[in-house]
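Trainee: Here are the chains, one letter per residue:
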Amino acid sequence: MNTSEVVRSVSAWPRFLHVAAVAVIYYAAARLGLTLQLPDTNASPVWPPSGIGFAAVMLAGYRVWPGIAIGAFLANLHTLPSTAAGFATSCGICVGNTLEPVVGLFVLRRLVSVRNPLERARNVFRFVAAATAGCLIASTNGATNLWAWEIIPSALYRQAWLTWCLGDMAGLLILAPVIFMLFQKSDFDWTRSRTLEAVALFALLAAATQFLFGDYRDWIDLELMDSLAYAVVPGLAWAAFRFGPRETALAAALVSAVAIVNTSNESGPFYPQPARISSQQLRPTHALSATVASDFKQRLRAESLLMLQIFVLAIAITAAILAGAVTERNRSEQALRDLNATLELRVVERTAELNQANAALERSNQELDDFAYIASHDLKEPLRGINTYSGYLLEDYGDKLDAEGQSKLNTLQRLTRRMESLIESLLTYSRVGQTELAVQDTNLSEVLAEILDSLVVVLQERGVEIRIPQPLPILYCDRVRVGEVFRNLITNAMKYNESPEKWIEIGFCNGSAGDGDSGGNGALTKGSPTVFHVRDNGIGIREKHLNSVFKMFKRLNARDQYGGGTGVGLTIVKKIVERHGGRIWLESTFGEGTTFFFTLQQGPSDATSS
Amino acid sequence: MPLPPDQVILLVDDSPEDREATLRAIKKAGLPNLVVWCEDGDQALDYVYQRGEYSNPGKAPRPGIILLDLNMPGTDGREVLDVVKNDANLKTIPIVVLTTSSDDRDIDAFFASGANSYIVKPATVEGIIKAVQKLENLWSFRF
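Protein sequence lines correspond, in order, to chains W and R.
For the first sequence, the positions run 0 to 609 when numbering that gives the first Met the number 0 is used.
For the second sequence, the positions run 0 to 142 when numbering that gives the first Met the number 0 is used.
A few of these clues could be false.
[As the list claims (entries may be wrong)] Below are the SDA-like pairs computed for lysine to any residue, each with C-alpha atoms no more than 25 Å apart in a straight line: (1) R:Lys26 - W:Tyr391; (2) W:Lys553 - R:Lys90; (3) W:Lys550 - R:Asp102; (4) W:Lys184 - W:Val101; (5) R:Lys26 - W:Asp398; (6) R:Lys129 - W:Tyr388; (7) W:Lys543 - W:Gln469; (8) R:Lys129 - W:Glu380; (9) W:Lys407 - R:Arg23; (10) R:Lys27 - R:Tyr48; (11) R:Lys27 - W:Asp395; (12) W:Lys399 - R:Arg23; (13) R:Lys26 - W:Gly390; (14) W:Lys399 - R:Lys58; (15) W:Lys399 - R:Ala24; (16) R:Lys27 - W:Tyr388; (17) R:Lys26 - R:Lys58; (18) R:Lys27 - W:Leu411; (19) W:Lys407 - W:Glu419; (20) R:Lys26 - R:Thr123; (21) R:Lys27 - W:Tyr391; (22) W:Lys399 - R:Asp102; (23) W:Lys550 - W:Leu436; (24) W:Lys407 - R:Glu19; (25) R:Lys27 - W:Val94; (26) R:Lys27 - W:Arg413; (27) R:Lys27 - W:Glu380; (28) W:Lys494 - W:Glu460; (29) R:Lys26 - W:Val101; (30) R:Lys90 - R:Ala59; (31) R:Lys26 - W:Lys494; (32) R:Lys129 - W:Gly384; (33) R:Lys26 - W:Ile385; (34) R:Lys27 - W:Ala374; (35) W:Lys399 - R:Thr123; (36) R:Lys26 - W:Arg383; (37) R:Lys129 - W:Glu419.
Worth flagging that the hints you see were computed from the coordinates, not collected in a lab.
Bear in mind that the values here come from a model prediction, so they are computed numbers and not experimental data.
Use the sequences and the hints to build the structure in full.
Mentor: Shown next as structure tokens:
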């Protein structure tokens, strides 16, 4: 049966069983506490019932308070004189004993929102604060009752209050964590070696504490032993770092138990031996009367009680804080690891999704291109028929038609030719997307020279000056397609120009080192895109049209202005640039000129040639 | 040397209108040759191999030139081009591709697969004359 089943079965008990169980255990713990009284003090250094009570309300809630009240009443009745005053005192004290865990839990729930306060260092401090609040109420109530019913004199009020308070706190802080943690679900992985380690830890801790607190005066130097109580702390740290809050609380309880038992047996560093004290501190001159010696002994015992209580409190709190801090750290580490794992998984998933989407997009793009290609091919065939047959009509029957009829046939032919050129543009566009790029090291200066050669007549006709500030580089790209880009941009720059002195500038700058030194015909820095530009002093483009110049069949001017055209040139240019992994954009001032920029990446010529 | 007038011109094209245009251009160019029309690749291959409806050799004399459309249903022109140019007996027959595309890449591809010349559709008199002129040295070599 694992612990979570224990928790479930405990909370499934009917209320009266809870109450009865708490009453019995509380009473038994009180009787046990009384046996731990230090000699001559009438007070226990720890009061285990306070731990039982607090653990009970932490686990089962406020509703178990009657069990605490009954257990406390019976225990006090047993301790106090069987008189009316004793009975009344029992009643009074039992109110405080009941209030202690109830108020403590109330404060704890105000301070800590999680159910288990022992898994974070910050919450352990709050747990201590809540315990202190409860214990202050119980001790104040208890001492006041004892004094009011004249069981202790006024002179002892302060001492009774302090002993009560510290005893309750020690009992609470030692026992409540152990009991509470025993009922918590634990995911600790008890491997064989861990179990062995735990056994070794507890055995060592018990032996060491026994050695430090036991009576071994005959064997070892006493003065050294007196100041070694703190040596148990590393053992508690071991428990905290290697195990959890539960094991650490158990370890602290073990140390406390051994220390208390030994001290109540009049040994250990907190129980100064009168013989030693008289020999070391009271020498040389005082001659003590029997009464004075007895008083003195009592005071020493009260002090040793206080020291033991503070020791127990110190190790309980230290252990709990250490365990809380370590648990917190482990949790965060685990959370971080989980997060990392989830992140990695999510990255992988997202990448897969993205790849799928990309593949789908590529497929649909391909299908669209195929469609455009086939459709244009098939569309052209009947159109050709219309064109040729209207031609035959003109050729064979032209003389039988009047001028108007001939003009209409001519219009028909012109329209079919226009339709054909539109379809041809569509075809060209889809072919740019469809066919593989024939990439090779291309001397763009040569490409440009060829284009300008073919345009030389029309350029001269229009009086356009061509400016090339520096020779274009050699780039790994599709010679024909990139040539189309330049031809198209230059033709546009020439067509849409009405300046008296027309010019077109074709240049480039390297994306990373645009200082011009990298120009010439040498290879450019790899990886940085080269930005080309074709600049003119033409008619310019209004800003509102800048976005639509790349749209298919979009013309900004009337059909027959500026030499006509189908309006697909820039769409094709954009597609070519994009297929090279580049980007195209433009800057324009209406009436002053336009500059088209496009980038071409220095391609993987090494990768393919090697 | 022009195309010998007794040689058959084999015209392979699925489109009647395109065929009409081609026939008209041939006639206008003054070529007296007999034109045989096949409307797809299978029929064309039957003709050159004298199979099926062309099994009688007298009915299907070896063509002096093939005018071949590429985009046809079924066995298309590229396949016909491939078969003819890979056949030891037939590969000397000049093939003129009828194409709708004037794209350089397509033209290069035609020549790479063995075409001897091309005409951009619709065939015009000038197109026919130009294409046939290109082939003249082929015939002079063969005869």
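Trainee: Kindly indicate which numbered hints from before are broken by the structure, ordering the numbers from low to high.
Mentor: 2, 7, 10, 14, 22, 25, 29, 31, 34
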